[in-house]
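Asks: When you get a sec, could you build the whole thing from the sequences and use the hints?
Protein sequence lines, in the order shown, are assigned to chains A and B. Residues 62 to 691 (my numbering) are what the first sequence spells out, left to right. Residues 62 to 691 (my numbering) are what the second sequence spells out, left to right.
Where hints are given, some of them may not hold.
Same chains, same label: a pair holds when it works inside one copy or across any pair of copies.
List time: in silico DSS-like cross-link candidates among lysine-lysine, alpha-carbon distance up to 30 angstroms [said to hold, decoys possible]:
1) Lys672 / Lys659
2) Lys417 / Lys556
3) Lys672 / Lys586
4) Lys157 / Lys672
5) Lys353 / Lys314
6) Lys314 / Lys231
7) Lys539 / Lys314
8) Lys539 / Lys354
9) Lys417 / Lys539
10) Lys231 / Lys374
11) Lys539 / Lys586
12) Lys320 / Lys337
13) Lys157 / Lys556
14) Lys314 / Lys417
15) Lys539 / Lys324
16) Lys586 / Lys353
17) Lys659 / Lys157
18) Lys539 / Lys323
It should be emphasised that the hints constitute simulated quantities derived from the structure, not laboratory data. Everything numeric in this text was worked out from a predicted model, so none of it was measured.
2 protein chains.
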Amino acid sequence: MTADLASLLPALRNAATRLRIDSLESTSAAGSGHPTTCFSAADLVAALFFAEMRFDPKEPQHPGSDRFVLSKGHAAPLLYAAWAETGAFPREELLKLREIDSDLEGHPTPRLPFVDVATGSLGQGICAAIGSALNARRIRSDYRTYCLLGDGESAEGSVWEAAQVAAMDKLDNLCGITDVNALGQSRPTMWQHDMDQFARRWAAFGWHTIVVDGHDMDAILDAYAEARRTSGRPTMILARTLKGKGVSWVEGKEGWHGKVFKKGEELDRARADLQKQLVPEASGVNLQAGIKKPSARPADVPASGPLAPPSYKIGEHIATREAYGDALARLGQADPRVVALDADVKNSTFSDRFEKVAPERFYQNFIAEQVMIGSAMGLAARGAIPFPSTFACFLSRAADFIRMAAISNVNVKMAGSHAGVSIGEDGPSQMALEDLAMCRAQPNIAVLYPCDAVSADRLVALAASHRGPVYIRTSRPKTPVIYPNDETFTVGGLKVLRESSQDAVLVVAAGVTVFEALDAYAQLKVDGTLIRVVDLYSVSPVDREGLLSAARSAGGHVITVEDHYAAGGIGDAVSEAVEHEGVRVHRIAVREIPRSGKPEELLDRFGISAKHIVAAVRAVAAGKPVGAAR
Amino acid sequence: MTADLASLLPALRNAATRLRIDSLESTSAAGSGHPTTCFSAADLVAALFFAEMRFDPKEPQHPGSDRFVLSKGHAAPLLYAAWAETGAFPREELLKLREIDSDLEGHPTPRLPFVDVATGSLGQGICAAIGSALNARRIRSDYRTYCLLGDGESAEGSVWEAAQVAAMDKLDNLCGITDVNALGQSRPTMWQHDMDQFARRWAAFGWHTIVVDGHDMDAILDAYAEARRTSGRPTMILARTLKGKGVSWVEGKEGWHGKVFKKGEELDRARADLQKQLVPEASGVNLQAGIKKPSARPADVPASGPLAPPSYKIGEHIATREAYGDALARLGQADPRVVALDADVKNSTFSDRFEKVAPERFYQNFIAEQVMIGSAMGLAARGAIPFPSTFACFLSRAADFIRMAAISNVNVKMAGSHAGVSIGEDGPSQMALEDLAMCRAQPNIAVLYPCDAVSADRLVALAASHRGPVYIRTSRPKTPVIYPNDETFTVGGLKVLRESSQDAVLVVAAGVTVFEALDAYAQLKVDGTLIRVVDLYSVSPVDREGLLSAARSAGGHVITVEDHYAAGGIGDAVSEAVEHEGVRVHRIAVREIPRSGKPEELLDRFGISAKHIVAAVRAVAAGKPVGAAR
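Replies: Shown next as structure tokens:
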């Protein structure tokens, strides 16, 4: 330890005590929260903010700034106290914790300028931190990323996905800190204070590990310095702490998780306990002024122009997943912000096309979807435009990450291939039939679903330029190109593919069912029944006016047909858009657990082929109930 | 090795070769599948089935039988070949692999009598195997559970959740086998043949580890015996293998994942390569006859009678989550098949009430939701009735497991607490607003949503007696008891709470919004507007006739109100049930990412409080558009 640092110690200890006092006061004012969880980590955070991290409190998003991710999001009051202590905002604000009009929420969200991704679902912050660390490489910055985890949190599998990816990628610009306070929510943690249990796991996963007393300011500073000096692998600092540290009668005691100190005597006693720990400081020490400056501001990345149109031929057969891969590769060449992430299915999703042209921005996660989406969140929060892709069904492995990506409103572009029963023989475990429901449920995820290569290409370009999370659903089978290369698409748009002045019914399809609808159109036309056919390539948001107009021109009857379960997908989306205008919607969808078989057999067996559309149209035209839809 | 076993070696080697030939033939006949993945594990499986496991090929579900879970589900043809080799079904069936009317699907599902849970989403089988091992303890059987994993699969975080839970629970009746063939789908795996990478991870997680050559039959048998002798901890056998083993020009080669041998010369060459490996056997060896018999059939567990009604008082305030916990505890006392699983939130979900009365059937997973649901699947498959519970939002961590639970149609009863914005100050990361969409999407999950303590109690009892997966959604706030203790509820039912002959609108609510609807009723009644109010406690399936009848008696106008996002929840469920009968449905739901605040403030801010229902009813009654629903 340098003499400079040594002279800081009393001030750092006092800062930690102030963070505890602020966490105490703010949670008591709010009447809820997790003060004792803040107390255990206060020394670690004080040391990090005032003697280790390089940042500018007035510009938390400085692109050369070290990052801090609070993976144990329930310690939010500590995070807020630390930023107030840096001078980023007035300390009085802390007392508005958890109020409806304060951005100091119960768990951190990016409504706050110093929060990159929302945390509070445990085991996610460490994944986002990997994305942040990868981004430093992308922009050739030496900023470092720090991530504070809880010990209870370490039980989440996603933490070990993160552990293996960070070690594989040799992320020595990443430093994890585990606050081992030994107490979970409902009981002592699995390993309590057996520090070796933690150390041997992280070491086995390839990390440099340092075990410290998390209340020994000297040791903490040394650990940060050692982590900074460690090259070729990430470091995990395992800090033995006491939950409730600083308030004598609470330290290390069960029954205090998520419990605040009651205003009045209880709060007063705790405050007094903490205040008496404030010690005399060296004169001239000013922690705020001593905060290390951010690293150099990386050169601005040139903005990409719009992606040039593709060069497909009408009628040629190409799977949308393949067109996705080709578009992604061209996008990668055009825009250095674009990165791609895989979970060992790049040759099925065709993201390997991107890897070929931009291997340095292609991140392999192996079969670990949670860290793939989590690190994409971190990358997006630092300015990259990440496209993580896998089989659509396996995106559900990261459903909770997708939920948090929506809360974070990060610029992640997820792509799921092999949607629906049309994948065929691999069977139900490989079929995504609930992915539209999963992504549509989030109010801010744009859900795009191309049916042909041109729309796939254009929707990839659109996803990249759209602000916020996007989900692109692609299919396994080859489908004919139906759109000219210069066709334009919009988030919230649709295409009317067939129309006449005598349409009996509007059929709304997307993806592979567009071709079933076109086939049904041709069959029905033979005996004089005309239908309007819409390609609903934007499933969320939907073009409500466009749907209403098309439905009204087709007798107010709509049939939706989708390679997806009946609940939460296209039928529901269309229904909500039009129904209270008196339009009737009849949903054709997969209504039972499917099985293996040939794609065309399965479309037929599970009720979503042209034959079923024809039957439904005839039933509607005859004023009968639609059997297929029940 | 005993002399008996040694004499079996040539026959076991031949069996392994036959399994390879059958896997080759069946995948070539199907035209798709993963033969080379079967080849790498064939020796491991042959040894397991014909020299280690105790089971009855004619009664695969014998309750004293050892279990085999194929976690690497894409090796399904090998599993099928092994069971055909035992005599469970005719070998000719294998050539129907992946055909639409064969149960020999691309990945295993419990349509087959020897499959406990569907696999094919990697990293799940090992979690189910833990449930199977826990069940052996529950029924006091010494049956053992074996689980075959892939090396690529080991990247899934769920595998490490399983690792820590199995070690913590000292499951020495569990034996994992990792087929380390070094090749993933798209490239070599992260650790390839570096066996120490695997061994040190499993050892760090507390398992006994054995590294073997996975093509050395002697060594494999020794490893199984060593695992059987190991007490106090589970064993992981790490088997170094070659993908494609047995077909000389494919062994260990990239580019053969998920690729079949083309009929004709390619298939013929491969078959010949394998056939020449068949060796002379000792006379008198009959592998089928030598299969070890299952352990004793455990005593039948007495079936429980119906759970006695609770004893709540109308008007008393109790949270549904608390009533859930109380019901679960009473159920646990009444029925020894009932078990409960937690992820360190037992004091919030109130599953700790169960732990108090039946600690030996309460399984703590700490903060690891995937293994919680996965092991519940394994427990259910072996006859237990598991109730895993956590915050509803964190069930989304296990969304892919829930998807596979639906495909498996297992008897798992999931409970999610803290639904919706009504949780208040903790903020969006802790609010489940997409859980109904997640569970409703699956065609066979019953979704139940109590509003008061009595309905919570009765729905827990109903869930236990219902066959198949169930999701119960509970809420954080205390709500008044509105039902008498002897009220009856059904899966697919609803309750009409307010009705008259002059109802202007039907309001459909559930959970906390029932009380908003009742409040709206009271407010509207003052100025003479009457509404019908329905408690839709069964969200899936819904009582279509009941809804239609109520809607028709209320002018054909329905307003749904839910503490959930607009897509995929109650509005969509009601809409699909009634709309094509010309009923108009207006959805009131949460339509943006919420934030921290007091529960009542949030209900109001996010548009689902009584005030908004009143406004919507007035708009509908006046023939105007419902502003709140847009």
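Asks: What are the numbers of the hints that this structure violates, sorted from low to high?
Replies: 2, 5, 8, 10, 13 and 16
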